[in-house]
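Two chains, two frames, some hints: make the complex.
As they're listed, the protein sequences go chains A and B. If you're matching positions, the first sequence starts at 1 in this note's numbering and goes up one per residue. If you're matching positions, the second sequence starts at 313 in this note's numbering and goes up one per residue.
For the record, the hints were derived by calculation from the structure and aren't laboratory data. Even glycine gets a Cβ: it sits at the ideal position worked out from N, Cα and C. Fair warning: there could be bad hints in the mix.
[Claimed, not checked] Per the computed footprint, the stretches of chain A lying under chain B, defined by three or more beta-carbons under 8 Å from a beta-carbon of chain B, are: (1) 198-212; (2) 228-234.
[Claimed, not checked] A few chain B residues that face chain A, going by a derived Cβ cut-off under 10 Å, partial list only: (3) 493; (4) 511; (5) 514; (6) 515; (7) 544; (8) 548; (9) 550; (10) 554; (11) 574; (12) 575; (13) 579; (14) 583.
[Claimed, not checked] Cβ-Cβ distance ranges computed for the label pairs, FRET-style: (15) 584/B <-> 176/A: 28 to 34 Å; (16) 439/B <-> 80/A: 47 to 53 Å; (17) 80/A <-> 491/B: 41 to 47 Å; (18) 238/A <-> 318/B: 24 to 30 Å; (19) 148/A <-> 504/B: 56 to 62 Å; (20) 584/B <-> 193/A: 43 to 49 Å.
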Amino acid sequence: MSRVSPTGDWDGRSFAHEAFAFSADQELVDRVVPFAVEGLSRGEPVLVVAGERVRTLLTQELGADVRRLATFAAAETWWQGGHRTLHAYDRDLRALQAVAPTWRLAAEPTWLARDDGREWSRFEAVANRCYASLPYYSLCLHDRQRLPASVLDAVARTHPLTWGGSAPVPEPAYEDPQQFIRSVHPAWVPRPARASVAVLTTPREARRAVSAAALGWWPARVGDVVQAAHELVVNSLRVAAFAEVSSWTDGDTLVVEVADSGPGLPDETLGYVPPPGGPDGAGGMWLAWSLADDAAVDSHPAGTAIRLFFHR
Amino acid sequence: MSALRRLDAPTGLRPGDHVCWTFADAADFTATVLPFLEEGRRLGEHLLLVGASRPELLSALAPLPGRDELLASGQLEVRSTAEVYASGGQPSPAEQVTAYRSLVDAALARGRTGVRVAADVTPLVRGGVDGRRQLHVYEQLADALMGTVAMTALCLYEASLGAEVLGPVTLLHPDQHSGEEEPLAHLSGRGPSLSLHGEVDVTQADGLSRALVDVACGTPGEVVLDLSDLRFLDVAGARALARATQVLRGADVHLRLVRAPRVAARCLGLFGLHGEETVPA
Numbered sequence: 001m002s003r004v005s006p007t008g009d010w011d012g013r014s015f016a017h018e019a020f021a022f023s024a025d026q027e028l029v030d031r032v033v034p035f036a037v038e039g040l041s042r043g044e045p046v047l048v049v050a051g052e053r054v055r056t057l058l059t060q061e062l063g064a065d066v067r068r069l070a071t072f073a074a075a076e077t078w079w080q081g082g083h084r085t086l087h088a089y090d091r092d093l094r095a096l097q098a099v100a101p102t103w104r105l106a107a108e109p110t111w112l113a114r115d116d117g118r119e120w121s122r123f124e125a126v127a128n129r130c131y132a133s134l135p136y137y138s139l140c141l142h143d144r145q146r147l148p149a150s151v152l153d154a155v156a157r158t159h160p161l162t163w164g165g166s167a168p169v170p171e172p173a174y175e176d177p178q179q180f181i182r183s184v185h186p187a188w189v190p191r192p193a194r195a196s197v198a199v200l201t202t203p204r205e206a207r208r209a210v211s212a213a214a215l216g217w218w219p220a221r222v223g224d225v226v227q228a229a230h231e232l233v234v235n236s237l238r239v240a241a242f243a244e245v246s247s248w249t250d251g252d253t254l255v256v257e258v259a260d261s262g263p264g265l266p267d268e269t270l271g272y273v274p275p276p277g278g279p280d281g282a283g284g285m286w287l288a289w290s291l292a293d294d295a296a297v298d299s300h301p302a303g304t305a306i307r308l309f310f311h312r
Numbered sequence: 313m314s315a316l317r318r319l320d321a322p323t324g325l326r327p328g329d330h331v332c333w334t335f336a337d338a339a340d341f342t343a344t345v346l347p348f349l350e351e352g353r354r355l356g357e358h359l360l361l362v363g364a365s366r367p368e369l370l371s372a373l374a375p376l377p378g379r380d381e382l383l384a385s386g387q388l389e390v391r392s393t394a395e396v397y398a399s400g401g402q403p404s405p406a407e408q409v410t411a412y413r414s415l416v417d418a419a420l421a422r423g424r425t426g427v428r429v430a431a432d433v434t435p436l437v438r439g440g441v442d443g444r445r446q447l448h449v450y451e452q453l454a455d456a457l458m459g460t461v462a463m464t465a466l467c468l469y470e471a472s473l474g475a476e477v478l479g480p481v482t483l484l485h486p487d488q489h490s491g492e493e494e495p496l497a498h499l500s501g502r503g504p505s506l507s508l509h510g511e512v513d514v515t516q517a518d519g520l521s522r523a524l525v526d527v528a529c530g531t532p533g534e535v536v537l538d539l540s541d542l543r544f545l546d547v548a549g550a551r552a553l554a555r556a557t558q559v560l561r562g563a564d565v566h567l568r569l570v571r572a573p574r575v576a577a578r579c580l581g582l583f584g585l586h587g588e589e590t591v592p593a
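Excised from the complex, chain B in its bound form (with noise of 0.2 Å):
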């Protein structure tokens, strides 16, 4: 399991590493993207662009050092973000994690090292909170998959989409860059189940909670999510965790906290919460 990590440059990456990215314009995300996949050349990995424009995305890729080699070797596509992810009406988010997976054993057979995926997310969360609620469910998939294939992704996702957007979909990556902000936590699928890794406070309690009710809210019975990485939860955060708990409840699912360090238990305990199986720390 990666630790949750604040990303300076979009390299030193290594396959399980699950990155968001949020970008100010155009050639900033060229210039994020482009030492990313010059990376994956040089590790022999299989190499995916994805963005909302094809044409663009061949001319963002313009520096890349043998560009037109890959492409007619096939070690590098670039495909719109319509191609990859409505394609055939709307796959599930497990469908497109499934295609993710077969692409990795596709590109491992074919004697790659793996899959590098750089991906302008942004246009599936122009899809109102339907479409944002799938993207949630298909993030948290997607990194629970990167935990145990060949697989590195760059999620790019334009800034000006403000911290409501970002907030939820932040918190779904372990490797987070978001301008000069000090990434905190992490909810992660990664492991027997959900977990959560880091700090929560009150600057992504709304968001934790929309993640965590959309991640959760597909699989009735009961969820677990274990705390015992939780380096700090202050009172907004176990607030946020209550109303999770409560809006799951409605829709039959019984989430559970295991493993609650101390301090987050006293949080946790002013709600009615009870992080059973208290670890010391």
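Okay, chain A solo, but in the shape it has when bound (with noise of 0.2 Å):
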């Protein structure tokens, strides 16, 4: 058997980002005790957030060496959707910045399975862009007994590596973080005729007509969709003198779209990056997308227009 080189040649100064499926115990163990043990000689804090059998495998196989585990969590309970779960991790994960000049994360995100949870791949594949300069190795677990292959395929296009076997190695299948988001947005199809369209010049009046639109749709969810647009427009209106917004439903969804004829959006992901951070603006996209249930970018040298969502 080749010598085992559970995090290859990463220098432990930048991120690095694994997926590793398993389906037999023994495939799991192989992979996570050696990954841990070494984290530990190199006294890094070693962190482990993962469901009932990967917890329950790594307390028999790990012995007494659980308990220098930074942290050994259960999974289950994180889920809170996608914005607000990377929100909280993100906190977690700048408080370990500030202490540890390095450390390692085997994580095994169960909510893939559920419906909701897949949005998940998403910010996956952002952490790619906006985690690479944070120092640690995040090992993330999927079992393929319980992920349907759409979420499988979906965790290789986000992971920059996977396992060769002795060491890590670089994932086929792994796609720029940019395309992978556009490639799961809502298509881009025509606004229809039927859109009511505004032309403005604050954001105030832009509030007042998204206000009337979402009044008509659903007066419970209001609040959250004039927000949303109104964050969009003030973006706008940093690059363009007036912004065009518009909205549509379409079944029992209803569409706002904001558009601006300023130099197109430089990174499509920023509604996946968690605030503080990123450039002005960053913070009120990620708010946006955070309170839409969808959101899809058309950007381009003449402008840029932007799709929010909103499920009935």
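Here is the structure:
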């Protein structure tokens, strides 16, 4: 058996992001136990957040060393929607960064098995960009018995590393985060003729216009719709003299589009980058994305249009 | 507590009203103060007009019915800004407000129904950053005073001062007139704590941060800001509150945000702020 190198040539100074999919118990043990042991031997904080099956196996295999883990937590209670989950995770990371030069994490996002948990792959994709300089190794564990093929496919496309048997190797299916995000957003279809359209120069006018549209659709979500659209309009008005705000319903879905003739959006992934941090306007994109049920971006040098989708 | 409103005319005002009014030029100034003072005359109020130059003010008042009788009886006073706000060195904002309180008491004792002041505050803004800081403290204390005594005030500012100067000042008034602009927010000192009313978005974020820092930094310890009447807060507004909180911490002031509506709490959370005792609105 060749010598196992659990983190390959990772130097502990930047982000490494590996997806490991397992079926048999032994497969999991052979990957995670050396990973944890290596971290402990190097004096790094080792964190494990996983489902019950993984926790049970690790407890058996690591024995007393389980108590040396910086965190050993159940993943089942972590999910609170993509944005909230990432925001909480992000705060933990920043706290860790303040006290540790490097650390490693074995995490099982068990919620990928839920319909409403699949959006997590978007955050996994964008993490490759926004966490690129954080000094930790994230080993993401995926149970083949619980996850459908479509989710495992998204996992491969969002993790640059996979397990090669004795060391991490590049994942051939890995995609650029922006490309992945585009592929999972709703298709950009032409705006229907029935859409109501307003051209606005202040965010206040935009709030009034969007509020009127949302009230006729579902009063209970007016606050979310107005806030989300407002943040997009504010961003538009940073780069353009006016914003075009349109809205329409498609079945039970309200679509709000904010378009401008600015220079295009330099980074289409900002809606998945937790605040604070990022340029002016990034916090507004994060908030808008978190309030909406889905989003889509059409950006080119002559302008940007962003659609937010709200499901009734 | 008076609700935030946009004022289209300088009339229909009653004690407790505190108006921020931007004017374009001398003609606009005159056209604004005349109906304001005339209304006060009809209500039996003591009238005070304050501006840069007393002679100019007197000539501006020429069309006011019974101007000379009002002046002779003492019901109408005309004074220069320097005389009112800077006599005897540099009176503190608190001393100025005390002087207004005494003026109200004296007017009531003479049988007037209250005091009505129209003041061109523009000269005070020219005092640089320190002068503006003092002005913000003063406007806030004056606003709180007007919540408790029979006083109506029209604070006039030249529109050419620009948004950077007018932003924080406007926010400190519940009644606002600024061209066609709809007033959005009021930072009030009326009531047991500071409170923020209306809508705070990116257009007032800088002004809010400055006004809040200036009015709170003189009181080390805890300053409570009640957010329960906030109808809208955006990310830029929350960032401004976060910035103010941080600046105030440097002055040993702990700004405590309370009773944030659910929508505001969401934005505040982005900056690690909490609007404790969140109200459901």
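Just pull the numbers of the violated hints for me, sorted ascending. none
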